[in-house]
Every structure is written in structure tokens, then in C-alpha cells.
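J.: Chains as they are written, first to last, in numbering that gives the first Met the number 0: chain H, 0 to 271; chain G, 0 to 311.
One thing to keep in mind: the hints can contain errors.
[Stated by the list, open to error] Incomplete in silico selection of chain H near chain G, CB under 10 Å:
1. E110
2. S112
3. V122
No lab work stands behind these hints, which were simulated from the structure alone.
If you're wondering where the values come from, they're calculated on a predicted model, not measured in any experiment.
For glycine and all other residues, C-beta sits at the position ideal for the given N, C-alpha and C.
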Amino acid sequence: METYELEKIARDVRRTVLQEVHAAGSGHPGGSLSAADIMTALYFEVMNIDPQDPAKEDRDKFVLSKGHAAPVLYAVLAHRGFFPVEDCLTLRKIGSRFQGHPNMHKVPGVEMSTGSLGQGFSVAVGMALAAKTDHPDSRVYALLGDGEIQEGIIWEAAMAAAHYHLSNMTAIVDWNGLQIDGRNDDVMTVRPIDEKFKAFGWNVILCDGHDMAAVVDALKASAACKDKPTAIIASTHKGQGVSFMTDDPGWHGKAPDDEQFARAMEELGGEA
Amino acid sequence: MADKMATREAYGQVLLELGEQYDNLVVMDADLSGSTKTKDFGKKYPERFYNMGIAEQDLMGAAAGLALSGKIVCASSFAMFAAGRAFEVIRNSIGYTGANVKICATHAGITVGEDGASHQTFEDLAIMRTIPGMTVLCPSDGPSAKALIRQAVAMDGPCYIRLGRSAVPNVYAEDEELTIGKGVTLREGLAVTLAATGIMVDAALKAADILAGEGIDARVIDLHTIKPLDEDIVIKAAMETGGIVTCEEHSVIGGLGSAVASVLATKCPTRMAMVGQQDTFGESGKPAELLEKYHLTADDIAAAARTIVHGR
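Chain H with its partners taken away, still in its complex shape:
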């Protein structure tokens, strides 16, 4: 797919994120918008998946370790054809398949139920261990928040992935610099993220997480490393695409009101 086509899809995905969160009246727009380009690149250009056969044996797997970004996972799966876009507008409503944090048994295409930070990454390591022997051509991708890497289990899992030479695994750190209580640098310093992963035995790639061509290149390059797992440290902006949400930790877990929603949709080039 051409870069401009992916960029257009990412815009649609962002709009769907806002529609979901606005309809729900709660949820996590900031970290969903920061990951929208990465998620679009994965699902529309990089991963071997089939919406008609979500459980096909040799598929690539994606684990949303930062499970609170559920709105962007649902949006990208919907646009990719796993289910109708309007379905995920029931996000967070009682009886909905679209739980506040993803449930693998309710939504086709969701590989792992996540939400408790750090665990998805560890589960992805287990999936990569299994894939290494059973499906050597498939890859496992995990998206991590930058705040999430404060969890101890992340480094346990990082150590294990390198120890077992899981070159079939790519972790992407959505480095938007913010977490609920504020800037990472104020809450708990995570820098230098790249040096940490290198020290843990990972191949590290830095990229601009909003430059679609760069994101696609980084993801494809990660598959070329044959002896180590790869961490892509993607520089992003929380709330990217909506001016008044950008780089504001206040939009970590808050829904826009009607007026804010209309403005956001307008900025993203569409009607509310």
C-alpha cells in the first residue's frame, strides 16, 4: 500500500477512536491517538493476518500490552474488516463485546486480553517461544506504553526474549513521554529507553512514530534481524492529530464533550 493511503486510513482510525470514546463517555484517547500510525502500519501493511480467518495457524500476532489503548485496536480491526466500524461504538457499554480493555474471547482479531500493564509483553514472549518451534515464519508484535515499561515484568520478559533469541518478536514502545500523573520524566524516569533494551540484549531501532514511511520501514527492518528480538522506540505525541489533546496528559483517560468532539472531528477532516 502507498504511504498516502496508509496515512488516510490512520486518519479514519483516529476518527473512529474519537467516536468510540465520545460515545462511551470515557476511555483513553491520548494513548490511542499516539499509536494510530503504528497500528495502521501493522494491520494494513506489515502483518500477515486475514480478517476472514482470524485464527489462521501461521498468522502474525499482535498483543496490545498497553491495553488501555483498546479504542485504537478496535478501530484498526474494524477498518481492516474484522467487524463493522459501528459495532465498536458500543465501547464500554454494558453487554458490549468492546470492553474497556480488550477481551480476546469477545472480539475477533484480539490475540490477548490485556489491561494490567506489563503482562501482554510477557505473554507475547510466550507466544514467540511457541511460534519459534511451531510457525517459524510468523512474527509476534507487542505495543508497549512508555509508562508501562516501569513495570518490573517488562524487564523480566525482555531478559527472557533475548535469552531465547526470539528474533521473531518485535516490541514497539509508544514513546509519547506522558503517563497518567504527568511526564515520565517527572513521575519515574524511563530514559534512556534504547540503551535499556540494548543492555538487555535487544536490537533497537529508533523512529518517528508519526512518519508512516519510517514506521513501516522500521517494522519491516525488525524482521530482518535474525539473532535478537527487536525493540522499535517510536517517538510519538499523546493525542496526535487533535491539537488540543496533543502532549496533554489530561487526555490520557478522558472523553471529549460534544463541543470538543466536534472540533476534534473537524481537525481530522470529517464530520462529527
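Given the coordinates of chain H, work out where chain G should sit on it, guided by the hints.
T.: The following block gives chain G in isolation, referenced to the frame of chain H:
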């Protein structure tokens, strides 16, 4: 045939047999494979053995990932760290997903002995049984450990299996068939019921002998499955004997005693006494010394039974 064996030894042995039977069985450990007895499986099937290092949270997370990729996973560490430290990973990544992981946790209870309080867990059954869909097993001896582990591996879904460090006398014959969820009446009696789990089953049988010498005819049942609890055998025993003493090498808070009390309080109110760890930490010592000090012996069970029988 050994007439005494630690349940962890039985686990190590049955793994070798199961490894042959199930191509998709993998075993994981957290740097305790010599103690948990998974080491022999690792030697025989190195490509299906993963040592995750001293990292119990990742042990459970990666176990979930392997299980969700089609493996049957036996994940082992000491019960303190498997159930305790990794609780929330088990709850969210194994319980909530229904991942086919068998948590085979060794060195449970006071009979860890000399290592002392930091390693003696009395909380594991309590926290594991609160997880929806988690089957919780506590075998009493080598043969029952093998029988229950075989069944746990054959069934789909998460299981917690509590195993011990110390050698314990065989209660069952080597080829005994047990069924998950079905308690076993080991001795008939009508005066009182001793409902035991784990290594306390043997103590309960000895207590029944003591009581028999006093003319008290005690029934002994083995509740090797803490969840789903065999409610029928508990209610039948309550109705027929009128009093139940629960016996466990675990806290009286949240374990077998609590599980039995819940059933009886709601369905068949009955006099009860609970023999177990009394809301206190343990300490270093020889297993037998500790069992005595913390009132987990046949004599303690017999004394509890007398209070019920004579209190009527």
C-alpha cells in the same frame, strides 16, 4: 514401591510419562527445577523445557502465551512465589483468558521446614480459589498427586496444584484412580467427619485411629479438590455425622475450612472445627517439629473432633 514419597517427587515422575503422551506438553520453571523436580523433564525433553530464571511474573505471563498458542503448560516454582508473587499475572493472563496452564506449585505449607516463614505459604489455596474458572487441587500423597496431575493435564483450562517438599506416607495405592471434583471417603464413620486435604489426610486417618480407641467412630474424607469442591460428599457427611473437622496445612482463613463452611452455612448448617494454620506466620524448624508447634497433628485433629462430639 515406595510407601513414602513427596508429592513433588511424584510430579517429577509423572511429567516424564506425560511428556511422552503429549507432544504439546511444555514445562517451565523459575530457577528451582532441581527442587520442583522439573529438571528430569528438562533433561529428557530439552526442547520443551523453559527455565525463565528468577522471574515468576514472567514465568506465568510466558506460560499464558505458550498455552494460548496451543501448548499444555506446566509452570512450576515454590508455592509462595508461584501463587503469591505472580498472583495478579495468574488472575489476568491465565484465569481471565482461561489459558491451559497447570501451575504446579511445590514447597507449600509449614513442612517447607528449615527455610522458615518467608517460604512457608498458607495463603495459596485461598487466593487461587477466588479466581473464576481456576481448578484447585491439593493431593495428599505420591499416588494421588500422579493421578490428579494426569487428569489436570488431560483437561482444558487453568489449574493450581499444591505440592509439598517433604516425603509423606502413601494413603493410596500406586494405581489409584481419582476424579477431579470428587472427594473420597477413606474411612466410614458416623460420630464425626474429618475432612482433610493434602498431607493432613494422613494425619486425619491417624486421628481416626486415636478416636476409635475412645469409642468415637470418625469418618475420614479426602477433599483433594478444593475447587470445584465436592459439595455432595460434604453435605452427606454433615447430615450423617452431624459435625465436621476440616484439616489443612494452610491458613484457616480462605482455604478448605472456609470452603466447607461456605457450603455448610448456606446448605446444611453443621457444627464445625477447623484445624489449620491459625492466622500466624511460620518459622524455621524440622517439619515434624513445626507441625506439632503449629497444631497440625493427628492429636490436634482428634482434640478438635472431641470438642464437637462431646459438645453435643
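J.: Run every hint past the structure and note whether it holds.
T.: Hint check:
Among the interface hints, the one on E110 of chain H holds; its C-beta lies about 8 Å from the nearest C-beta in chain G, closer than the 10 Å criterion. Because the beta carbon of S112 of chain H sits about 5 Å from the nearest beta carbon in chain G, less than 10 Å, this interface hint is met. With a cut of 10 Å, the hint placing V122 of chain H at the interface with chain G holds, because the nearest CB-to-CB distance is about 4 Å.
Of the numbered hints listed earlier, not one is contradicted by the structure.
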